[in-house]
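Q: In case you want the letters, here they are:
Number of protein chains: 2
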Amino acid sequence: MTHRFIDLPPEALGFAQTSIDRADKYRDNAAFLEDARSYGTSLTLVFIGDMPLIMCGNTPLNVLFTFNNVPFATDIGEPIFLGLENGNPRFAIVLPEQCLPELSVREDVKAVDLRTLAVKSLVTPQHLNLLATAQALLNWHGKHKFCANCGQKTKLKSAGWKRICDACQSEHFPRTDPVVIMMATYSDKCLLGRSKHFPQGMYSCLAGFVEPGESVENAVRREIMEETSIKIGSVAYHHSQPWPFPTSLMIGCLGQALSDEIKIDGLEIEDARWFSKLELAQIMNGTHKEGITAPTKMSIANHLMQAFLDF
Amino acid sequence: MTHRFIDLPPEALGFAQTSIDRADKYRDNAAFLEDARSYGTSLTLVFIGDMPLIMCGNTPLNVLFTFNNVPFATDIGEPIFLGLENGNPRFAIVLPEQCLPELSVREDVKAVDLRTLAVKSLVTPQHLNLLATAQALLNWHGKHKFCANCGQKTKLKSAGWKRICDACQSEHFPRTDPVVIMMATYSDKCLLGRSKHFPQGMYSCLAGFVEPGESVENAVRREIMEETSIKIGSVAYHHSQPWPFPTSLMIGCLGQALSDEIKIDGLEIEDARWFSKLELAQIMNGTHKEGITAPTKMSIANHLMQAFLDF
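Just so you know, the protein sequences line up as chains L and A, in that order.
Each residue of the first sequence is one higher than the last, beginning at 1 in our numbering.
Each residue of the second sequence is one higher than the last, beginning at 1 in our numbering.
The set of hints was computed from the structure by calculation and includes no laboratory data.
For identical chains, the list gives no copy identity; a pair is met inside one copy or between any two copies.
Once the Cα atoms are required to be at most 20 Å apart in a straight line, the calculated PhoX-like pairs of lysine-lysine come out as:
hint, residue 1, residue 2
1, 143, 153
2, 145, 155
3, 25, 263
4, 231, 25
5, 145, 157
6, 189, 231
Model, not experiment: these values are computed from the prediction.
One chain only, chain L, in its complex shape (with noise of 0.2 Å):
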């Protein structure tokens, strides 16, 4: 039993590169956030609602802004600090929604939502992390203004790393929610499922969300028993993920199947099989017979089929 070291994660692995130094020790260094903003080696992403801004050109296309620079003039309220980038500092801001209507004029500048740009790589990959940390926080600050500990409003801190509630001194941290997403094996086969929310023919890994009181290998056990009552014995951790929809952690990992007859819950996928290793090749170059296909390179699900097949 042997520890298998990762290094770098796999370069088409979409949000899972290093970025940049978070630089935590400035985020609550009132003095060093307002003078940085005023450097002109300080950059900053943008969004409306949910949607980054791209500056539109060739690719990798910029998403980085001087804040004497971005589109709209606006109150761009208090920035994110996600931290240093070769020393210089980056920031994240979101426009308010009134904005949209001017952005639809524009043609140098435009919103693209985050997955569109990941799946189709349109930006570099150390700038897909960096509006993943950022896309992640917004969503998770959009859904928590108001303290559940009291109902009182809360409000950002920490250069968006911290929401506080005055009225009963609670502070609350960003969420992030462990996923589990695997692939079970029998032999030669591996299994894969669709959701009826997937684009058609496409079949892809099991997922689903960790459980209070589950350690990873368990919540694979549970997942793959309740969807399609399949029984796994050992599971092996493969390679994470930061997947900001809205704020998950994909943890992928593999499960050796003790059983292989399949029956599917119904509820969470419409469709499960297992197929062998000539099938998973062939889904995965896109020439399957049945014209099933695979999720695309940037998901960690591509990456545990791909591990499979190098078995």
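Based on the hints, put chain A in the right spot on chain L.
A: For chain A alone, coordinates are given in the frame of chain L:
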């Protein structure tokens, strides 16, 4: 790079064993839940505040009560449904704190905090897991009575696995915070640190919350860099452990250090040192010349230390 498959968790690792079939299909089945409380085979954990009640006696202590035998006649509210143990329903209930004076004179039942039950192995590993699940859920309910989205009161639903807001229709699910806990190694030595909150003489693995936009591997690198200025290259997953204080999932990792000059941050930890394998073995068996001690075997930190000795 072969995957490392894990079958059962180490027996001593607290809270990490499988206990019961969570049977999530019954969480929204009001008729089943209502009936189940009257079954003679239904049993319930009983908490006062965040302390489980135990029946005094020989170890392993019994922590499961019949509903008729709940020690204080009081309104127990809506029980949390934990699942089925050999087909028999298991619940958790919370007694109001006004039961505390009455409890203090009872000799047959006692409230004991969950950490003590785990450290001293006072209940079975399966019941430790059941208690951890209940305690994580109760901790979450305790701090989430209001809707973070709109500030109105929320109510418990799905037998304790959800809260809903009638005002804005938001659904809130239990929070589980992923935490990386890791040991850096550098040739024959390993890095341990101590927080000022630790018992005197104890050193342990470094740890910290996974932040939005981070993979597990990058969180490991960032935390060790922040706390000790040690740069980490490759990272290996070791094991995971539910940790209901209040609602964490510990993700245990090993990290290969690329440098060995320690600079303490002075904030999160008060000291960090490199220990040789020989010293670590002495720490683990209580013979270190400076009296340095390790955390208990129920913690994943202890198992990470053992993993390094076993290399």
